[in-house]
Every structure is written in C-alpha cells, then in structure tokens.
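Model the placement of chain B with the ligands on the given structure of chain A, informed by the hints.
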Amino acid sequence: MSVVIETPRSRKRPGFNLEKYGWMYMRLSGVLLVILIFGHLFANLMVGEGIHAINFAFVAGKWASPFWQVWDVTMLVLALIHGTNGMRTLVNDYAEVEWIRRTLVWLLWIVCATLIVIGILALTTFTPCGDASSISLLGKDGANVAALCPVK
Amino acid sequence: MATATTEAPVEIGVIPSFDVTIRVRRFNPEVSEESTWQDFHVTMFGTDRVLDALHKIKWEHDGSLTFRRSCAHGVCGSDAMRINGRNRLACKTLIKDLNINEPITVEPIKGLEVEKDLVVDMNPFYQAYRDIKPFLIANDKPEKERLQSAEQRARFDDTTKCILCAACTTSCPVFWTDGQYFGPAAIVNAHRFIFDSRDEGAEVRLDILNDKEGVWRCRTTFNCTEACPRGIQVTRAVAEVKQAILRGRA
Ligand code: HEM
Ligand code: SF4
Ligand code: FES
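Respectively, the protein sequence lines represent chains A and B.
Under numbering that gives the first Met the number 0, the first residue of the first sequence is numbered 0, with each subsequent residue one higher.
Under numbering that gives the first Met the number 0, the first residue of the second sequence is numbered 0, with each subsequent residue one higher.
If you are wondering where the hints come from, they were derived from the structure by calculation, not from laboratory data.
Any given hint could be a false lead.
Pairs of lysine-lysine residues, derived as DSSO-like cross-links and limited to a Cα-Cα distance of at most 30 Å, are as follows [unchecked claim]:
| hint | chain 1 | residue 1 | chain 2 | residue 2 |
| --- | --- | --- | --- | --- |
| 1 | B | Lys-115 | B | Lys-140 |
| 2 | A | Lys-19 | B | Lys-160 |
| 3 | B | Lys-211 | B | Lys-109 |
| 4 | B | Lys-91 | B | Lys-55 |
| 5 | B | Lys-109 | B | Lys-57 |
| 6 | B | Lys-132 | B | Lys-57 |
| 7 | B | Lys-91 | A | Lys-19 |
| 8 | B | Lys-109 | B | Lys-160 |
| 9 | B | Lys-115 | B | Lys-57 |
| 10 | B | Lys-91 | B | Lys-57 |
| 11 | A | Lys-19 | B | Lys-57 |
| 12 | A | Lys-19 | B | Lys-95 |
Since the structure is predicted, the reported quantities are computational estimates derived from the model, not experimental observations.
Bound-form chain A, shown alone (with noise of 0.2 Å):
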C-alpha cells in the first residue's frame, strides 16, 4: 500500500489580469486627486472673495483659461475613472449572479465613458457669449457676463 500524496492543485493559471493596474491605479490617481481636488477647493473658495465670488461669470472666466481647462479635464478623467474602478470593486463584492455582476461592471463602464464625453465637451467648448438674448436669461450676472464678452 502505498499513500498518494495529492499534487496540490493550484487555481487555473493566472492569466493576464488587470486588477494589478487597477490597484495601481487607485493609488496613483488618488495622489493626484488629492492635489487636483484641494486645489480646486482652494481657488474656488479660499481665494479673494471666496465663495461669494462664484456665480456664472467666475466659472465663465475660470474656462476660458487653458490652464484651469486642463486641471479640471485632467480632475474630471482621473476623479470618473477612479470612482467607477471603485464602484467596480464593490459590485465584486456584493453581485454574487454573475451575468448581473456583468451587467452592472458594463453599465457603470457605460455611465463613465458617457460623462467623460458630455464632461470634456462641455469644458472644451463652452462659450459664455451667446446671443444677447440667452444673456439676458441669466439676470443679474448677465451683466458680467457681457463684462468677459467681445462688444459685438
């Protein structure tokens, strides 16, 4: 009689698998996140007037700088990315039918790619300067608002 000692089996071979990026990528982008996001906290609330300086005009006139156009696409890209890999990992965690745990990584995938798009659009290009008539629609601040616009 002889014992047979079982090789031990080990998990189907790992194959090629991007939760070491992911995870990378949750710490990398978190650092930038914490400058980007602090950042933009400190220019919109802290700086001169603080928060009572912000109305349309003062968005209006933050991106219509590159620079503030490029931090807040660079926050947006990082910050949707980030919060849906995250998202991601708790629907992992909790969707135990798979092809509802599919659906739901798809869709958040989905709702992500979406946003970036409609968010970047509008960063890239928006106009304050429409028509005299779609100024006249934001009232008080149509005033500074045709202050930042070419005289027609």
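Using the frame of chain A, we list chain B with the ligands on its own:
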C-alpha cells in the same frame, strides 16, 4: 512514604467563581435549516477559558453541542470561533476578560459553511492554502544543510507563526462576500516561503497571488491583524506580497 510535615499546609488561594450565560449559536441540519441561539448558565472560575465553558456545557448540560478543539492550548488552531462578535481561539480567551454581566455569544466563524453548531467546512480554506504551494521549492539536491543567516531568517519570522486557525480569513469582509478570495491566511503562508532565502518558488507563488482573487482583493481593512491569535502582522504581510508582485521578485 508519608513524610509528616510540621508546617501547616499552604493556604491555596481560592479562585473566584461566577455565574455566566453562554449564548451559543446552534445549528443542526438534521433538525432545522435555521440556526438558533441557545443560552446555557454555567458557574465558571477566574482561570477558565471559553473552551472550558463549552466543555462544561457539553459534558454536563448538552452532549450534542458540537465544536472542534484539540490541543486546548493555542497551538493546533482548531477552535477559532466568533466570541462576542470577534474571532478568537476559545482556548485562549479567558472568560473573566469578557463582560460576564452580559451573555457571552459564541458563533461559528463566518464565511465558511456551517456543518453543525460551531463546526464549519474548512475545505475551501485549506484549498486556498494548498494553492499557494506551502512547501519548500528548491532545485538543488538536499545533500547538505541549507544555510541561512539570522537576518535572512528574521525576514519571514512573523509569518512562520501561523497555526492555520482561519481566524483571519473568516474575519475578512472581502472573504465574507467573495469566498473565492484566497484570503489572508493563504497569503501569510505564501509570504512565509516567498521571503525565505532557501526557497526558489517565489515567482510561482507571486504569479498565483497576482490573480483576480489574489492579493489585489485586499482592501487593508486590518480585521485579519486584529483577529490573529498569534499576533502576526497579517495586513503587513499581505502588503509585502503586493509590493513583491509590483517589484516582480521577493
Ligand atoms: C481626495 C482624493 C482621493 C484619494 C487619495 C483616493 C484614494 C483612494 C484609494 C487609495 C482607494 C482604494 C482603496 C482600496 O483599494 O482599499 C480608493 C477607493 C475608492 N475611491 Fe477614492 N480617492 C480619492 C477621491 C475619490 C473621488 C473624488 C471619488 C468619487 C468620484 C472616489 C471614489 C472611490 C471609490 C468608490 C472607491 C472604492 C471604495 C472601496 O473599495 O471600498 N475617490 N480611493
Ligand atoms: S495568520 Fe493568524 S489568524 Fe490567520 S490562520 Fe494564521 S494564526 Fe490564524
Ligand atoms: S484547541 Fe488547539 S488552538 Fe485552541
């Protein structure tokens, strides 16, 4: 024989005793699909551990109470259970250290299927352990001793202390919701070989743990470190394995 002694017999300190309620989560699949709480009132001593209370219940109150234990001294790792909501070894938990004014709850460890009362199916846990190849992998013939410096030995000393009690893995919220996750205990035991200078299988093990269900599932909750009855820095070991995977070597 009897050597008469003139001295009075030494007064032995009286060990204080107290009454305590042990609230055990009972489950018997032959009777019901549901588990229920059952209270036992026992008189215990200040030197008694939760395991002693379970013994007393089994031996004097209800012989059907089912649990695992072997060494009764914190060595074998058979009696990890959830005591007052925390994973501990019943044989290392003094009752007097718990709040004896309230019932002491005793439940099976979470995340593994309960077979009866406090006994769970440990197979998935052992399978994850087997999967990380918990043995020396060395290619040279074992003709002479494999020498190792004190520093090299110290590198993985902490993780050699594991007794495979599963307290860590079954305290991990990721494991609770995803039973496929290797879990801290398997990673601790992989760490024990990955950082052993005599071992040559680090790459294989790092590859195994660089898996969808491997180290990246860890979210640094620290439950495992808190649960470990051996005081192993479990979360740290997991982090070191993550770092090793990023580096591509031990
Ligand atoms: C202030 C800068 C931020 C830092 C430093 C940061 C850092 C991190 C890190 C390191 C993780 C991974 C945790 C783990 O794997 O254990 C994480 C997870 C996550 N982050 Fe962020 N993050 C930041 C901002 C954000 C923002 C703005 C959002 C939302 C858009 C967000 C949403 C999430 C979500 C949903 C998770 C997953 C939570 C979980 O795994 O339990 N984070 N964050
Ligand atoms: S690391 Fe600690 S808690 Fe986990 S199985 Fe080993 S001894 Fe038990
Ligand atoms: S019975 Fe062996 S560790 Fe508790």
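Now the hints, each set against the structure:
1. B:Lys-115 <-> B:Lys-140: Roughly 46 Å between the alpha carbons, so the hint for B:Lys-115 and B:Lys-140 is violated.
2. A:Lys-19 <-> B:Lys-160: Holds. A:Lys-19 to B:Lys-160 sits at ~28 Å (cutoff 30 Å).
3. B:Lys-211 <-> B:Lys-109: Roughly 22 Å between the alpha carbons, so the hint for B:Lys-211 and B:Lys-109 holds.
4. B:Lys-91 <-> B:Lys-55: Measuring from Cα to Cα gives roughly 16 Å; hence the hint holds.
5. B:Lys-109 <-> B:Lys-57: 22 Å, holds
6. B:Lys-132 <-> B:Lys-57: 38 Å, violated
7. B:Lys-91 <-> A:Lys-19: 38 Å, violated
8. B:Lys-109 <-> B:Lys-160: 23 Å, holds
9. B:Lys-115 <-> B:Lys-57: Holds, at roughly 14 Å.
10. B:Lys-91 <-> B:Lys-57: The given pair, whose Cα atoms are some 18 Å apart, holds under the 30 Å limit.
11. A:Lys-19 <-> B:Lys-57: With a Cα-Cα distance of about 48 Å, the restraint between A:Lys-19 and B:Lys-57 is violated, given a limit of 30 Å.
12. A:Lys-19 <-> B:Lys-95: 45 Å, violated
Going down the numbered hints, you'll see the structure goes against 1, 6, 7, 11 and 12, while the others check out.
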